Structure formats: C-alpha cells, structure tokens
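Q: The hints should help you fit chain B onto chain A, whose structure is shown.
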Amino acid sequence: MSEFRRRYYPTLCIRRAEMKAMEKLPPSEKAKMLPIVLLAPWLNSIEFKNTFDIIAKSVGDIPIIVDLDRGYRSESDLPSRQYFRSLLGGEGASERWIDLIQAHDNYIPTVQLRGNEDDAVLQQIAAFRRFGRGWVFRVEFDGPSELDRALRFFDPEEPEQQLIVLDFGWHDYTLEQQAACSRIIDRITTISDQARFVVVSSNFPNDFTELDNMAPVPIGSRRLYQSLFSTYGNYQMYYGDWGSTKPRKYDGGGSKPLPRIDFPTKDRWIISRSKEEEWDFFDAAKRVTRLEEWRDRPAIWGTSMIEKTALNLPGAISTGPQAIASRVNIHLFLQNNYAVDRVADIPTEADWVDPIPA
Amino acid sequence: MSHLDAMPVPVGRIATALHLRVLTAALDPDISGLIRRLPGNVEQHEIKVNVADVAARQRFTVAHEIGHFALHRHLIGSDGITDTILFRSKLSNKQEAEANRLAASILLPWAAVHQYCFERFGVAPSEENMAAIAKAFVVSELTVGFRFGF
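Protein chains in written order, with the numbering used here: chain A, 1 to 358; chain B, 1 to 150.
Worth flagging that the hints you see were computed from the coordinates, not collected in a lab.
One thing to keep in mind: the hints can contain errors.
Unchecked claim - Calculated cross-link-like contacts (lysine to any residue; reagent style SDA-like; alpha-carbon spacing at most 20 Å):
{"#": "1", "chain 1": "A", "residue 1": "Lys286", "chain 2": "B", "residue 2": "Asp28"}
{"#": "2", "chain 1": "A", "residue 1": "Lys57", "chain 2": "B", "residue 2": "Ala56"}
{"#": "3", "chain 1": "A", "residue 1": "Lys246", "chain 2": "A", "residue 2": "Pro144"}
{"#": "4", "chain 1": "A", "residue 1": "Lys266", "chain 2": "A", "residue 2": "Gln226"}
Values in this document were obtained by computation on a predicted structure and should not be read as measured data.
Pulled out of the complex, with its shape left as it was, chain A reads as follows (with noise of 0.2 Å):
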C-alpha cells in the first residue's frame, strides 16, 4: 500500500528542536504522520554517517521522505560537510543519492531535480520505482521553482506511486498566496485528477517585539489548507507544515532572544514572554499553564516540560532550545491529531527504551 495517503506531514531539517520533539513523540504518533526529513550534517559532526544515526534515534525506523536540506550552509572542509556538497548536484550526484536511499530501507526518495540534467533525473526515478517505496517531487517557492520540471516527470498512469509537495517556505496566510496556490493545484489536478499532493508553509514568527504578553499567532498553514480545501477537499490534497519551524535561512541573527514559553494550540501559538516585565522561563510557564487552552492539553512531554518549568522543578526548561524543543514536540502532536475533539483523551504511554548505547 502506498504511503501517500491522508495524514500529516510535517517538514523537519536536522536540527536540535526537531530531533528531540520527535525523539519524545509517543511511538504510535510517530507512526501515523510522513515526516519529509531535510539532510544535512548533524551539528558539528565529522562524519555524514551520524546524520543518519540522529534519525535513527529521533524518529526510529519509521518511513520517512528524506530530502537534501539546501538551505544549508557551511564553509567546513570536514567530510560530512564534503560528502553532503557532493550531493547537491555536479558529477555523479544524481548516483550517490541513489545510493543513500538504497541504503536506508524506511527513506522514500524526493526526486532531486536542481543540479541534475533529465538523464539523471530519469536514471533516479527508474531507480526509485524498482525499490517500490514511491517517490516524491517537492517543489519549493522560495524562490526559482522548479514546478514545471516535476510536472514534466510526473507520470499520471502511477498516481499512487508519487506525492507533490508544494512547499511555499515562510510565508504568512494571504489571499494572494491563496490564489497562487489554487493555480498550481489546478495545474496538477488537470494532468491528474488523483494526484497526490501536499501544501506546507510556515509562519513561526521571526520577530517577538510586537508578540508580547501572551499574544495569540494563528497558524497560516492552516488557514491556507482550510481555504484551499473548500475548493479541493475531495482531491488528494494532504496537510503539511514546518512543525513550528522555519526553513533554515531564517536561524539566528540578531541578540540573544528574551525567555520565551510557546505554546501550541490547534489554530494559533500563544506566546508568552514579557520584556517589560523580564519574564524568565517561570514565569512565561506560570501563564502558560493558567491559559484556558491549558486545560486541554495532550499528556506529552512538551506539556510535562512546561508543568515541571511553571513548578520550578529540577530538570525544568532553562534555554531557548529546551522551550522550542517542547513547542515543536507539542505542535506535531496537535497537527497529528487535529481531527480528535479532545486530545487529552488520546493514550501517549510507551514503552520505555533504556537510553543507553545497544
């Protein structure tokens, strides 16, 4: 049966929030969604090899879409670094990414079209069919698409075997991205009325100075999928987003960010911080868990991590990555379930796995 089908997914680059938010998801979460997985080398890593391994233990052995993560940047000479340059187009590319999916029995392959002529992005699909797993064209925004290339290597008579993913990147809800993205949606339904396709876009805020005092951020993938679905609910048209993220290009800058509790509901981010009133990670927790959304919260360790921060308990949230970590794990969980009336119901116990080297 193929794995493209209804359910969520979510985009997710190497990075430490999102490895530990979905490292802490309840295995059975993890099961129910398709993450589209963004490769690049893990942190400082000499090796390309503990990319791998970072998935391995985050996400387990679970199918996931892996993609190469071409917002990254690094000037390093270390062979992950060399090894993932390699990758992203020049001779012999288009056979090395062949070879990784081959390798990784649970990666379903995007077709990488940027950096490749058509002979190899034929060589890859040709590959790609015999190892039976699907695979998936996905078409970023950003900036110069390449939409039409993907339509062109589309194949209509093999609906089931392949997904689109249009990835819009950061991007605020508009009517004008709406309408944008109808047209491409008509586009792919007109080659094929059974087409598989996904809508991802992001609009975690960049910037907090205006977010203060629990302000409320609606979610705009969300709004943007919700429209869309009036018009295209009864095609194959599946829910995606950045699990709370941004694309890579927007990491870092500027000073060190305020103490800063996030907390995800269904439709909106409640941010709590407060500059005026210097809030630390306490006190933006303590608000947090008097909100009436709290009261409905999933029993997941996002939320768990926020009640120990608002108690002031050992092991409580105390950076910034700690806070996102918790708001991505909570995000994925809701996203994941968002048809459910009451989440709080939902069974998040596990098996225990004993953190220790196998």
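A: Then chain B, alone, in the frame of chain A:
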C-alpha cells in the same frame, strides 16, 4: 545475572527479565515513577517513569522501582507505590532508603566501577572521577556520590 556485568548496566533488560513492563507516561511533574500490580493479575507488575525526566533520572527511577519489587513486593497493591521526585511514597523512609540503596547497587556494581576506575585512572573510585563514572554508567553524579559515599 549477566546483565549486571554489562557497562552501563542495562536496567531495562533487568526489568524485562523480572517480567516487569516499563512505560513512559506524562506523570504529575513532582512524580518520578511508580510501580503497581496490574488489576486482576497478582503476578504482573508495571513500572511507569516520568516522560519529562532526563535519561539518567529515568534509569534511576526504574532501578528504584525494581528495588521496591525485590524488597517490598508484598506492599505493592493495584494502587501501587508512587514515588515523588524526592523518592518519598506511602512507604516508610526506611523502605525508600532500602530501594535507593538497591537501585544504586544495580546501576553501579562495586566490582565493575572499580575495574573501570583502575583501568581508566589507575585508582579506586573517587570524587575526582565522579563525572566520568556517571557518564560511563549513565547515572547522575548524585547517584555515584550516594553509592560511594563521596
């Protein structure tokens, strides 16, 4: 039991060998773990550890609950024994201390830790190499100090 010779000690496998099921759960934040007899089954027990605790802490909790299972099984009902973050429960302080001592002994076998220290540092376990012992055996430094009296 051969698991006790391994380093770090695979406390999860010890639990399995004792027919104890171990689960992670979103427990109250001031609860580290619990052990209870499954309702309707006098033989089957389960341990729950707090999902929000760090790895070393979860390992200690599992070992502590194994301690209760080994020493105080007759006191574990279907309502179980629930341990706070300070490892206090409905049992007496003496019984909690017994479970703590057994937990530390399980996670830090005397001979294995001495062998590790002599091979690595050429000396017996000491406060100076407490951090290295904790890392090697995936326990907290607090547990190492408790076990060896530092």
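Q: None of the hints should be skipped; say for each whether it holds.
A: Now for the hints, and whether the structure bears them out:
Pair hint A/Lys286 plus B/Asp28 holds up; C-alpha atoms about 15 Å apart against a cutoff of 20 Å. Straight-line distance between C-alpha atoms of A/Lys57 and B/Ala56 comes to about 17 Å, which keeps the hinted pair within the 20 Å bound. Between A/Lys246 and A/Pro144 the CA atoms are separated by roughly 19 Å; this keeps the pair inside 20 Å, and the hint holds. Pair hint A/Lys266 plus A/Gln226 holds up; C-alpha atoms about 12 Å apart against a cutoff of 20 Å.
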